[in-house]
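2 protein chains.
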Amino acid sequence: MFESAELGQKVTKTDFRRHEPVLREKLLEAEWKLAQSEASAIVLFSGVDAAGKGELATLLSTWMDPRRIVTRAYGPPSEEERERPEYWRYWRDLPARGHLGVFLSAWYERPLLDRVQGRISASRFDEELERIIAFERTLANDGTLIVKFWMHLSAKAQRRRLAALAEDPLTAWRVTKRDFRRLKLREELLAAAERMIMRTSTGRCPWHIVEGLDERYRSLRVGGILLDALDRGVTEGPARRAKAEADQPGPPAPAVRAAATPSLLSTLDLGAKLPKRNYELRRPKYEARLNVLRRRAREKKTSTILVFEGWDAAGKGGAIRALTAPLDARDYEVISVAAPTDEERAHHYLWRFWRRLSRAGRITIFDRSWYGRVLVERVEGLATENEWRRAYVEVNEFERQLVEHGVILVKFWLHISKEEQARRFRERQRTPHKRWKLTGEDWRNREKWDRYEEAVNDMLERTSTRAAPWILVPAEDKLHARLEVLRQVCRRMDAALP
Amino acid sequence: MFESAELGQKVTKTDFRRHEPVLREKLLEAEWKLAQSEASAIVLFSGVDAAGKGELATLLSTWMDPRRIVTRAYGPPSEEERERPEYWRYWRDLPARGHLGVFLSAWYERPLLDRVQGRISASRFDEELERIIAFERTLANDGTLIVKFWMHLSAKAQRRRLAALAEDPLTAWRVTKRDFRRLKLREELLAAAERMIMRTSTGRCPWHIVEGLDERYRSLRVGGILLDALDRGVTEGPARRAKAEADQPGPPAPAVRAAATPSLLSTLDLGAKLPKRNYELRRPKYEARLNVLRRRAREKKTSTILVFEGWDAAGKGGAIRALTAPLDARDYEVISVAAPTDEERAHHYLWRFWRRLSRAGRITIFDRSWYGRVLVERVEGLATENEWRRAYVEVNEFERQLVEHGVILVKFWLHISKEEQARRFRERQRTPHKRWKLTGEDWRNREKWDRYEEAVNDMLERTSTRAAPWILVPAEDKLHARLEVLRQVCRRMDAALP
Numbered sequence: 006m007f008e009s010a011e012l013g014q015k016v017t018k019t020d021f022r023r024h025e026p027v028l029r030e031k032l033l034e035a036e037w038k039l040a041q042s043e044a045s046a047i048v049l050f051s052g053v054d055a056a057g058k059g060e061l062a063t064l065l066s067t068w069m070d071p072r073r074i075v076t077r078a079y080g081p082p083s084e085e086e087r088e089r090p091e092y093w094r095y096w097r098d099l100p101a102r103g104h105l106g107v108f109l110s111a112w113y114e115r116p117l118l119d120r121v122q123g124r125i126s127a128s129r130f131d132e133e134l135e136r137i138i139a140f141e142r143t144l145a146n147d148g149t150l151i152v153k154f155w156m157h158l159s160a161k162a163q164r165r166r167l168a169a170l171a172e173d174p175l176t177a178w179r180v181t182k183r184d185f186r187r188l189k190l191r192e193e194l195l196a197a198a199e200r201m202i203m204r205t206s207t208g209r210c211p212w213h214i215v216e217g218l219d220e221r222y223r224s225l226r227v228g229g230i231l232l233d234a235l236d237r238g239v240t241e242g243p244a245r246r247a248k249a250e251a252d253q254p255g256p257p258a259p260a261v262r263a264a265a266t267p268s269l270l271s272t273l274d275l276g277a278k279l280p281k282r283n284y285e286l287r288r289p290k291y292e293a294r295l296n297v298l299r300r301r302a303r304e305k306k307t308s309t310i311l312v313f314e315g316w317d318a319a320g321k322g323g324a325i326r327a328l329t330a331p332l333d334a335r336d337y338e339v340i341s342v343a344a345p346t347d348e349e350r351a352h353h354y355l356w357r358f359w360r361r362l363s364r365a366g367r368i369t370i371f372d373r374s375w376y377g378r379v380l381v382e383r384v385e386g387l388a389t390e391n392e393w394r395r396a397y398v399e400v401n402e403f404e405r406q407l408v409e410h411g412v413i414l415v416k417f418w419l420h421i422s423k424e425e426q427a428r429r430f431r432e433r434q435r436t437p438h439k440r441w442k443l444t445g446e447d448w449r450n451r452e453k454w455d456r457y458e459e460a461v462n463d464m465l466e467r468t469s470t471r472a473a474p475w476i477l478v479p480a481e482d483k484l485h486a487r488l489e490v491l492r493q494v495c496r497r498m499d500a501a502l503p
Numbered sequence: 006m007f008e009s010a011e012l013g014q015k016v017t018k019t020d021f022r023r024h025e026p027v028l029r030e031k032l033l034e035a036e037w038k039l040a041q042s043e044a045s046a047i048v049l050f051s052g053v054d055a056a057g058k059g060e061l062a063t064l065l066s067t068w069m070d071p072r073r074i075v076t077r078a079y080g081p082p083s084e085e086e087r088e089r090p091e092y093w094r095y096w097r098d099l100p101a102r103g104h105l106g107v108f109l110s111a112w113y114e115r116p117l118l119d120r121v122q123g124r125i126s127a128s129r130f131d132e133e134l135e136r137i138i139a140f141e142r143t144l145a146n147d148g149t150l151i152v153k154f155w156m157h158l159s160a161k162a163q164r165r166r167l168a169a170l171a172e173d174p175l176t177a178w179r180v181t182k183r184d185f186r187r188l189k190l191r192e193e194l195l196a197a198a199e200r201m202i203m204r205t206s207t208g209r210c211p212w213h214i215v216e217g218l219d220e221r222y223r224s225l226r227v228g229g230i231l232l233d234a235l236d237r238g239v240t241e242g243p244a245r246r247a248k249a250e251a252d253q254p255g256p257p258a259p260a261v262r263a264a265a266t267p268s269l270l271s272t273l274d275l276g277a278k279l280p281k282r283n284y285e286l287r288r289p290k291y292e293a294r295l296n297v298l299r300r301r302a303r304e305k306k307t308s309t310i311l312v313f314e315g316w317d318a319a320g321k322g323g324a325i326r327a328l329t330a331p332l333d334a335r336d337y338e339v340i341s342v343a344a345p346t347d348e349e350r351a352h353h354y355l356w357r358f359w360r361r362l363s364r365a366g367r368i369t370i371f372d373r374s375w376y377g378r379v380l381v382e383r384v385e386g387l388a389t390e391n392e393w394r395r396a397y398v399e400v401n402e403f404e405r406q407l408v409e410h411g412v413i414l415v416k417f418w419l420h421i422s423k424e425e426q427a428r429r430f431r432e433r434q435r436t437p438h439k440r441w442k443l444t445g446e447d448w449r450n451r452e453k454w455d456r457y458e459e460a461v462n463d464m465l466e467r468t469s470t471r472a473a474p475w476i477l478v479p480a481e482d483k484l485h486a487r488l489e490v491l492r493q494v495c496r497r498m499d500a501a502l503p
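Residue numbers (the working numbering), protein chains in the order written: chain D, 6 to 503; chain C, 6 to 503.
Just chain D, same shape as in the assembly (with noise of 0.2 Å):
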């Protein structure tokens, strides 16, 4: 797989300066063209030691305008970083629509190093890989084009280069003894390093092998291969995109069902109902549990992560306070989801979940969450279907990555009957210091309720995992409803925290 950069390919400084400045101007007008599209750009380095992999983002950043390129290379996480899942950081720096960003020892670099130093088997290494591909899937769909080079360098060139670099008092720095023990280890990164490149190599996020020995050379390659790049991805940009809706099947249509075939929700028993005198009698005990059980998440460093869904005035926001009525304020932090930032808006729509996620040892309750792609988008035609489809996938893996990190993650689903509906928005038009929380927009969602009925069905059969199970909760009931949301609360956390 490298042999062909390992030819010692060179460009002489004649053809460097005939073809430099045309390719730096087409690459600043190719970055022009991307700050006024929807897209966004990343090019990512890997490759051998001393290969050039800094001196090329560094000069990337020279031939185009710095100010629309982000570049960021990652060491060892810092603590923050850690009390995050791994893939925290890159979400955070991800560029905006209309930039680029220059990534450096990325998401590629631990999996690899794991994997050569033997600290992870074959079959996790392909996970891992799994994992990456879902990665860059996820924000090629969403209009990244995402470009990766494997700078490579023969063994006896990387030796000397290293010894080169070594030898200049300028940039003897730049080379530790790491280097030299990793140039021991050559041939099982090259190993891992093709299985890698193998399984990756996606049609939309293909990776690109470029020797490294000739700095002349490297730059015109890798240039030109961004220029081509950008080029492409960005003017056929949303024909491309249109073609890549087109050609991702998505998950299987909803079945549509028989008559006889109950949905989810039509099951629920929405008869429940709990005695004032019943919830006041059982509420401490709960309260008094959870008090406990979020110290000990505290103290572990476990953070906890509750989403609240649910029909309008079901009772969302009676329900987060009872919960947070035992807890210590400086535990928990509730966001409430409505109309995304500019900010926001100029990335994946999931950006803006991930940059809340909290420090460790933290209750974070969602009120209203990243379901709302596949809920009132969907129904409103906020997204188009092949978003609104991909998002189960996209949200299940989120979600995975949550709970594997450690996070308790319960998903509440507060459901009534339209009637129930229709009769709470009547009392809150009633109650005057209520009225405010309805508006035109609530009588309207009622009227696409079997639209939303749908949809949620569809979202509780597709992201209930075993991992982030939905919690159905019959809310016909305040009370019943509330008491119900502390039970499972308790109940999921001291399932984590015994």
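Calculated directly from the structure, the hints in this document are not laboratory data.
None of the values given here were measured: they were computed from a predicted structure.
Do not rely on the hints blindly, as some may be mistaken.
As the list makes no split between identical chains, a pair holds if one copy fits it or if it spans any two.
Quick list of in silico lysine-lysine cross-link-like pairs, DSS-like style, CA-CA up to 25 Å [stated by the list, open to error]:
hint, residue 1, residue 2
1, Lys182, Lys305
2, Lys442, Lys38
3, Lys182, Lys306
On the provided structure of chain D, position chain C as indicated by the hints.
Below, chain C alone, put in the same frame as chain D:
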């Protein structure tokens, strides 16, 4: 000062039951009004241990709609927080317009404990209080309502309360040995707190001392004071803000310059020229030096911030590129300051710069900066006169905090004549790949050259501090300007990194 909060004030259960629902409803209403307004609000709790600060923070989130409340408690700073000036984490957490922030152990905590434990002198303590006053004034001027509570207990009550908490297994976790140790320092604490409260009780950000013995009493009292503040602050908001504007004298108006008194800009010799040969000869020396320096900065974890301001077409982009060429892309970031995002608009104008402060050891290059407030925003009328006049003080304070934290801060004004600008505009129009750089706005700005010049002169005079002086760079000759920028950055980094 604290005597009236040691009387053992209580509220009966009956009274509480009568008042609480009314207060709650009114608070909800006030919160709603706040959400609709341009204002934000901060409730800050400080006080003796065991006086109910945490419970009150929780209570507010229960009483009001927690979706508009962000509660923050601060422990020892994290690794990422220590890498920025102390106030970074507070700036980061400031509530957006329409939101309420509840702050526990915030900016008062560290200076107070440092003083109590004798780690800082009385005069140093006073200086820190001055910083707090400036910080709160900055926020108040921007429409933030600040309500501060000192929660108090008599010595006897405090001892009893701690003992009671320690006995009950459900609450014992809340009391640590540290609390009992701190009890011994009560006199020192109260002496420092008295000074703190006296100094920092300003007209717009007053302290309220509330006795924390009785839960019902303190809840109603804090709720009542907060309601009162919100009611007055938010309904009278615009009127009050206008009054504050009027009251604020602001720095004296720029002196009318006698024709004979030259401005800073007009004294700058624009004749400096550097032949290309000399440039190519001298540049490598500075580049090598800069490369050494940025590595040293990385090792010593010293951050560098470079600010570039100047006329349109003065060559900021070129100077930045010349500067970044010898740098490693992993070490620097170029931040191009354009129109603020809506999240940024929902905060104080300095918020967007605070949030971009990098981790330690990196170089951040601002292509245009916080000086937009006193340049374009002043001239184009985007900021009121009081707003841009205040900005001089606010910017100086911001930069002082950077410099005190050890940041190397260098500010460049790239200067060209009006004629040279015209020449460059025309050249941009002629060159195809430069044409996009020139917009109608550039020509319009040019018509206001004199007013911009006045603004620039005022800025240079008022914000060239000893800690952060402006460097005026004659940029009529591009090569001269680039070398001068390189030279000055080396000089300043050299001085700071011996």
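Now for the hints, and whether the structure bears them out:
no., hint, verdict
1, Lys182 to Lys305, "between (37 Å within a copy, 21 Å between copies)"
2, Lys442 to Lys38, "between (44 Å within a copy, 13 Å between copies)"
3, Lys182 to Lys306, "between (35 Å within a copy, 22 Å between copies)"
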